[in-house]
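*Asks:* The residues making up each chain are set out below.
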Amino acid sequence: MRVPVGARVGLFALVIMGSYSYFANSIPQIESKPPEELSLEGGNVTPAQLVKAGEQIFKTKGTCEICHRVGQKGTRAPDLAGVGARAGKTKPGMSGKQYIIESLLQPGAYIVEGYPPIMPAVDKPPIALNRSELWAVTAFLESLGGTVDVTLDDIPKTAGTAAGGGAPAEVKLPGDPKAGEAVFAGKGGCIACHKAGKIGASPVGPDLSQIAKIQTPDYIMRKILDPKGMGTVAGFPPGVMPQAFGQTLASKEYMDLVAFLLTLK
Amino acid sequence: MKGCGGGRLAAGAVLVFALLVLFVTVVPAGAQDAAKDPAYRHFPILGSRLAVWAVAQLHLNFAAFILGCPIFAVIIEIIGWRTRDAKYDWLAHEFVKLTFAAFSTTALLGAFLLFLFVGYYPKFWTYMTSIFFPTYWVYALLFFAETFIVYLWYYGWDWLSGPRKWIHVGLGVLSNLVGTAILFVANSWVTFMISPAGITESGALKGSVWAAINNFTWMPINVHRLIANIVFGGTIAAAYAAFRFLSAETDEERARYDWMGYIGNFVALSAFIVLPFAGYWLGREIYAFNQTMGITMMGGFMSWLWIIQALLIGILFLGSNYYLWLGMERIPGSERYRKFVPPMLLVLTVGFMIWATPRSMVVTLDEARAMGGTHHPALGFFGVMSAKNTVVNLMILTTFLSFVLYRRANRVSTKSWVRTGMMLQWAAIFVAAIIVVFYGVYGYFVESMVRIGFSVYQVLAVLSAIVVVMAIDIPMFRGARSTGTIRWGTIAPRSQYVLILLAVTFTWLMGLMGFARSGIRQHWHVYAVLRDTSAEAVTPALGYAANVITIVTTVFFLLVSFIFWLGGLSERGNAGAHGHAAPVISGASDPRP
Chain E
1 MRVPVGARVG LFALVIMGSY SYFANSIPQI ESKPPEELSL EGGNVTPAQL VKAGEQIFKT
61 KGTCEICHRV GQKGTRAPDL AGVGARAGKT KPGMSGKQYI IESLLQPGAY IVEGYPPIMP
121 AVDKPPIALN RSELWAVTAF LESLGGTVDV TLDDIPKTAG TAAGGGAPAE VKLPGDPKAG
181 EAVFAGKGGC IACHKAGKIG ASPVGPDLSQ IAKIQTPDYI MRKILDPKGM GTVAGFPPGV
241 MPQAFGQTLA SKEYMDLVAF LLTLK
Chain D
1001 MKGCGGGRLA AGAVLVFALL VLFVTVVPAG AQDAAKDPAY RHFPILGSRL AVWAVAQLHL
1061 NFAAFILGCP IFAVIIEIIG WRTRDAKYDW LAHEFVKLTF AAFSTTALLG AFLLFLFVGY
1121 YPKFWTYMTS IFFPTYWVYA LLFFAETFIV YLWYYGWDWL SGPRKWIHVG LGVLSNLVGT
1181 AILFVANSWV TFMISPAGIT ESGALKGSVW AAINNFTWMP INVHRLIANI VFGGTIAAAY
1241 AAFRFLSAET DEERARYDWM GYIGNFVALS AFIVLPFAGY WLGREIYAFN QTMGITMMGG
1301 FMSWLWIIQA LLIGILFLGS NYYLWLGMER IPGSERYRKF VPPMLLVLTV GFMIWATPRS
1361 MVVTLDEARA MGGTHHPALG FFGVMSAKNT VVNLMILTTF LSFVLYRRAN RVSTKSWVRT
1421 GMMLQWAAIF VAAIIVVFYG VYGYFVESMV RIGFSVYQVL AVLSAIVVVM AIDIPMFRGA
1481 RSTGTIRWGT IAPRSQYVLI LLAVTFTWLM GLMGFARSGI RQHWHVYAVL RDTSAEAVTP
1541 ALGYAANVIT IVTTVFFLLV SFIFWLGGLS ERGNAGAHGH AAPVISGASD PRP
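Line by line, the protein sequences give chains E and D. No gaps in the numbering here: position 172 of the first sequence is 172 in our numbering, and each next residue is one more. Numbers in our numbering are just positions in the second sequence, counted from 1, shifted up by 1000.
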């Protein structure tokens, strides 16, 4: 029986494309996932937790490992082994943490000899680390041969403001902070896990006493509605915060609660 | 027949006009709605991303074909016009017929893509509109103009013949200019998403829209796509001819489509040789725009994509050369050049193997320990750009050599300086090869920024050799003695499967490169400006991408086969339609363009 030309050609084309697909499925399968936002609210973390979080950011959202290695000389960027010890000696009059922070925020300010000036500012998109993340990465780099002494206050307040793509506009929310405090302590039940200034004391969740200082309104609003999707603060158990505030709170209560949290500076 | 054509003209014009009106009315309305609506909606079953991906790839395939094919169709028409050889006019008409058949489908897919953006990615579309709205009008008007010019070009073939042929050729040239302008406008949107420019930190347009259009990757992609469209058009036209060759029932028909397939492949190969150079330029501009993006593209999660690309391009090189070598068997006198085939095959095969060598191997922990790392101690040296740039340039030189040998297969130069000319040609090729190898080896000893610059010298060496060889070859073989006419139609049938392999592979490669172009933005709609916050923001792994590309490419070929079949219905039983009786080719004159 003579097979029609169309069938022969069609089968031939399918075999070719099938082979390409087979090959593409046989090699390493790597997805590129959007980075998760890390929040170290209230500063209630130990140095060890901070370093661990920083290492995680170094390898994922920070994309530092594309150029930098620890304990291995790179062609694009310096080996970071021992950077915590030598950072304080690199620029006269500048402490180790100051030098590291400057390197992260203004990489062009000092270029290590023999390397091209290719590093982007990591608080700007597309990497766009927020202040908490910059704090953690600095701690991790300090831990590479040095002592971790960086605090959140060492990170400039202006750093990370463009995170997420574009500088956030100033937000004026219509909520009533006083009513929001009542929601926090009452219907919302937040007080059961979080401390917020003078109220609450439970260590189940992060201390929110300075939440408006370290996080954007957008983050706070989204975190209430989708705690799981926004990630869990380092050092705290995941999946504890209820996922149903979007259904249980009325819209006014939600806005009041946000307005209250934004007063916590 | 004329009535049928007129009906199609009217239907086509109405369709395009309706799409135009929809385009300019839906965009602002959609933008207003989007401001109130959610950022994303979910496309049923497939998901929004997959729906946009599939339709965008299909649209690009069709658009590339209808923009690429007329470029060489008009050149072939000009050759026919100046040489008064009717077979070229017939061939040009055949190519435009294929283009014409795919025209409406391209417009429909474009409209569908627009609806998907407006409906399923409203915030994204609002943002793009806030930057590019003035260009929408330009695009719509250009599309309108292109439609009428192409219709007039196709339907006016007989009307504008004889002394009015120059007007007809002018229409062909004009359709290409307008088509290229359409491509450039659409590219400004795509490239802005990769390398945004002319905007503030918050993403708002700073001044003129021109700054957003003229971003880092715009011109490299314009050039790259323009060349790639010609390759694509050539391979699809050649595959069509191959199908007709395999289905042919007479020697005459076989000869005709053998010749058409040869021309299609010649066009594709000529453009394909310069395509990698345009690719280098694009890569350099991506690095210049953003080092992180460049490094992510070449060394990050996408690094293995380039191994697949190398495999595909290697197949294209091997296939193109194999087709030329098979083609030489139907040329009397070509026997004297067969001795060059084994060394050329060796260069291509070794080049292919080196280009497809990955930098890091997929190994177990024990294997990595035994090897001393994930880089093989010997083969690892072939996994870097120095080696790959070197071999691809040598493969281009070899392919060019194949073409030169094919070109002179049945000709013997009668010029007195033939010996000197040949020596100069060989010298040009060897000097280029030495320069390419020198910079390839030297590249291992310098920094990456310096090494990237070496590829320019390698490219220039190869291009110079091509120019020198052809500058000598053309006068050297002018008035040459013939050793016999080409026996069109007697080529081995497997050669036609090679043409189909080339078309399928190039189409698949286009899909892969489309994935690369979009994938390097990762979780950004507009890189570093507008983040993709949808549930589908993950950039999938290569296996998934390959499966999607295969399915979409299959759909493309099914659609294109159906459309070509529809286009051929009107010609069936009417070989002299439009005054274009199919020419007799068998044993005819040498049809080198």
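Hints are computed from structural coordinates only; laboratory data are not their basis. Watch out, some of these pointers could steer you wrong.
Have a look at the derived ranges for each label pair, beta carbon to beta carbon [stated by the list, open to error]:
| hint | chain 1 | residue 1 | chain 2 | residue 2 | range |
| --- | --- | --- | --- | --- | --- |
| 1 | D | 1444 | E | 231 | 38 to 44 angstroms |
| 2 | D | 1536 | E | 237 | 26 to 32 angstroms |
| 3 | D | 1381 | E | 242 | 23 to 29 angstroms |
| 4 | D | 1204 | E | 95 | 49 to 55 angstroms |
| 5 | E | 5 | D | 1446 | 50 to 56 angstroms |
| 6 | E | 242 | D | 1141 | 51 to 57 angstroms |
| 7 | E | 114 | D | 1207 | 18 to 24 angstroms |
| 8 | E | 111 | D | 1453 | 43 to 49 angstroms |
| 9 | E | 231 | D | 1445 | 42 to 48 angstroms |
| 10 | D | 1299 | E | 11 | 57 to 63 angstroms |
Calculated cross-link-like contacts (lysine-lysine; reagent style DSS-like; alpha-carbon spacing at most 30 angstroms) [stated by the list, open to error]:
| hint | chain 1 | residue 1 | chain 2 | residue 2 |
| --- | --- | --- | --- | --- |
| 11 | E | 178 | E | 252 |
| 12 | E | 265 | E | 252 |
| 13 | E | 73 | E | 124 |
| 14 | E | 52 | E | 73 |
| 15 | E | 91 | E | 59 |
| 16 | E | 73 | E | 91 |
| 17 | E | 91 | E | 52 |
| 18 | E | 157 | D | 1206 |
| 19 | E | 33 | E | 73 |
| 20 | D | 1206 | E | 124 |
| 21 | D | 1087 | E | 33 |
| 22 | E | 198 | E | 187 |
| 23 | E | 228 | D | 1123 |
| 24 | E | 198 | E | 265 |
| 25 | E | 124 | E | 187 |
| 26 | E | 124 | D | 1123 |
| 27 | D | 1339 | D | 1206 |
| 28 | E | 252 | D | 1415 |
Since this is a predicted model, take the numbers as computed values, not measurements. Virtual Cβ for every residue (Gly too), placed ideally from N, Cα, C.
*Asks:* Please go over all the hints and tell whether each is borne out by the structure.
*Replies:* Here's how the hints hold up against the structure:
1. 1444/D - 231/E: 38 to 44 angstroms: holds, 43 angstroms
2. 1536/D - 237/E: 26 to 32 angstroms: The hinted range 26 to 32 angstroms holds for residue 1536/D and residue 237/E, with Cβ atoms some 29 angstroms apart.
3. 1381/D - 242/E: 23 to 29 angstroms: violated, 57 angstroms
4. 1204/D - 95/E: 49 to 55 angstroms: violated, 38 angstroms
5. 5/E - 1446/D: 50 to 56 angstroms: Given a distance of about 54 angstroms, which is inside 50 to 56 angstroms, the answer is holds.
6. 242/E - 1141/D: 51 to 57 angstroms: Once the Cβ atoms are compared, 55 angstroms apart, the range 51 to 57 angstroms for residue 1141/D and residue 242/E holds.
7. 114/E - 1207/D: 18 to 24 angstroms: Violated - the Cβ-Cβ distance for residue 114/E and residue 1207/D, about 39 angstroms, lies outside 18 to 24 angstroms.
8. 111/E - 1453/D: 43 to 49 angstroms: Since residue 111/E and residue 1453/D have Cβ atoms about 20 angstroms apart, the given range 43 to 49 angstroms is violated.
9. 231/E - 1445/D: 42 to 48 angstroms: holds, 45 angstroms
10. 1299/D - 11/E: 57 to 63 angstroms: violated, 38 angstroms
11. 178/E - 252/E: Judged against 30 angstroms, a Cα distance of about 12 angstroms means the pair holds.
12. 265/E - 252/E: Within the cut-off at roughly 22 angstroms; holds.
13. 73/E - 124/E: Roughly 26 angstroms separates the two Cα atoms, so the pair holds.
14. 52/E - 73/E: Between residue 52/E and residue 73/E the Cα gap is close to 23 angstroms, so the pair holds against 30 angstroms.
15. 91/E - 59/E: Holds, at roughly 26 angstroms.
16. 73/E - 91/E: Judged against 30 angstroms, a Cα distance of about 21 angstroms means the pair holds.
17. 91/E - 52/E: With a Cα-Cα distance of about 27 angstroms, the restraint between residue 91/E and residue 52/E holds, given a limit of 30 angstroms.
18. 157/E - 1206/D: Answer holds: residue 157/E to residue 1206/D is near 26 angstroms, not above 30 angstroms.
19. 33/E - 73/E: Holds, at roughly 27 angstroms.
20. 1206/D - 124/E: holds, 19 angstroms
21. 1087/D - 33/E: The given pair, whose Cα atoms are some 55 angstroms apart, is violated under the 30 angstroms limit.
22. 198/E - 187/E: holds, 18 angstroms
23. 228/E - 1123/D: With Cα atoms ~24 angstroms apart, residue 228/E and residue 1123/D stay inside 30 angstroms; holds.
24. 198/E - 265/E: holds, 12 angstroms
25. 124/E - 187/E: violated, 38 angstroms
26. 124/E - 1123/D: Holds. Residue 124/E to residue 1123/D sits at ~22 angstroms (cutoff 30 angstroms).
27. 1339/D - 1206/D: Violated, at about 63 angstroms.
28. 252/E - 1415/D: Violated, at about 93 angstroms.
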